[in-house]
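*Asks:* These are the residues of each chain, in order.
2 protein chains.
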Amino acid sequence: MNQRVAVPLPKAYLLLNHGPTVLVSSAHGGRRNVMAAAWNMALDFNPPKVAVVIDKATLTRELVEASGEFVLNVPSREQAALTLAVGTKSGREIDKFSKDGAGSVCAPGNPLARREVESRVCRDSGQATAASMVGAPLIEGCLAWLECRVIPEPHIQQTYDLFLGEVIAAWADPAVFSNGRWHFPDAARRSIHYQAGGSFFATGDAFEV
Amino acid sequence: MNQRVAVPLPKAYLLLNHGPTVLVSSAHGGRRNVMAAAWNMALDFNPPKVAVVIDKATLTRELVEASGEFVLNVPSREQAALTLAVGTKSGREIDKFSKDGAGSVCAPGNPLARREVESRVCRDSGQATAASMVGAPLIEGCLAWLECRVIPEPHIQQTYDLFLGEVIAAWADPAVFSNGRWHFPDAARRSIHYQAGGSFFATGDAFEV
Chain P
0 MNQRVAVPLP KAYLLLNHGP TVLVSSAHGG RRNVMAAAWN MALDFNPPKV
50 AVVIDKATLT RELVEASGEF VLNVPSREQA ALTLAVGTKS GREIDKFSKD
100 GAGSVCAPGN PLARREVESR VCRDSGQATA ASMVGAPLIE GCLAWLECRV
150 IPEPHIQQTY DLFLGEVIAA WADPAVFSNG RWHFPDAARR SIHYQAGGSF
200 FATGDAFEV
Chain L
0 MNQRVAVPLP KAYLLLNHGP TVLVSSAHGG RRNVMAAAWN MALDFNPPKV
50 AVVIDKATLT RELVEASGEF VLNVPSREQA ALTLAVGTKS GREIDKFSKD
100 GAGSVCAPGN PLARREVESR VCRDSGQATA ASMVGAPLIE GCLAWLECRV
150 IPEPHIQQTY DLFLGEVIAA WADPAVFSNG RWHFPDAARR SIHYQAGGSF
200 FATGDAFEV
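Chains as they are written, first to last, in numbering that gives the first Met the number 0: chain P, 0 to 208; chain L, 0 to 208.
Mixed in with the good hints there might be a few duds.
The list treats identical chains as interchangeable, and a pair is accepted whether it falls inside one copy or across any two copies.
[As the list claims (entries may be wrong)] Derived pair list, reagent style BS3-like, types lysine-lysine, alpha-carbon separation capped at 25 Å: (1) Lys88 <-> Lys10; (2) Lys55 <-> Lys88; (3) Lys10 <-> Lys55.
Treat the hints as calculated values from the structure; they're not laboratory data.
All chains should be built: construct the whole structure from the sequences, respecting the hints.
*Replies:* Structure follows, in structure tokens:
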């Protein structure tokens, strides 16, 4: 696990304010999963809340509804291939955390694995780490992590696939986020913004007005 | 008005997918307003839907609730000062579209105006243009525009300041978005991502995985 430092809850919204694509991790009943979500946003400052869209067809949906918890992980540019892969393959077909499973995104035989073997998730032996407040894991190599408890709103969950969560713990790699500001050190360790069809933008230059 | 071309509705989500900060414009009963919103996201593909947070204290909230309509305008880097200004000052205090009003963001005497006189909204004589389907205006100089009709969800509007909208028309400057992809030509004409305290990120390099 790369280094992580607690982010004070009133500053947790800053981890999502600039609109990065996130990985949603989840766990329930001995199963765990991770998917990509470009459709996420902060919803409140303090207590911090978030909103994220989780499609009915996903295993993530099942695990989030059963556990009432999820983690939003902010991936780095070097995890873009992983982000695409976990956003493409369903956890119903593959164990995304397995290094050896035939369908794993980390397995060399998998068409997606060509990219995945480059990713930190597959390089590291421990691809995920226990969170502090929720059962969902923290994904290795990310820039920041928001541990969330679902705020039950059955109508909008069912009608729009829209989930609201309260952030109950937040973490960031101090090399990229400290004192309430992102400060990306290089081209690789910066957040990403999904466009479509395997195309991303990196978070660009910071500037003040 | 810079050039704008209709974006097919099933591709409208692409205008927000990478998480830019937007300007929310609104109008009702002869009043109009514009505010900044980092907390926005796409919510569905087709028919396209969006979600955006609109605080109870804002004039925008009053106008959006009264009209049932809003426009999400995607500002460019050269509009960052404008974005900060309209996100700082309330439409209850100033007419943000006025060139001469004592409190206008465009007025030279206003503390915010120092930045604003640089902005396209204040340079151009017509700072806003009529939309095609809604009463809310399209803000000059932006990169893209999503005309939205509120999907009434009183409970989440009241509880979370969360508004859902169906996109009923979408537009983009073809110099920056065409065939379903953003292609920013230079440092100025690209989207922006608000951090905090007057600090933004520009949308950075595009890359494929």
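*Asks:* Within a copy, between copies, both or neither: where do Lys10 and Lys55 come within 25 Å Cα-Cα?
*Replies:* between (31 Å within a copy, 21 Å between copies)
*Asks:* Quick one: Lys88 to Lys10, C-alpha cut-off 25 Å, is that within a copy, between copies, both, or neither?
*Replies:* between (33 Å within a copy, 22 Å between copies)
*Asks:* Treating 25 Å as the Cα threshold, decide for Lys55 and Lys88: within, between, both or neither.
*Replies:* So Lys55 and Lys88 pass the 25 Å test inside one copy only (15 Å; across, 40 Å).
When the structure is compared with the earlier hints, no violation turns up for any of them.
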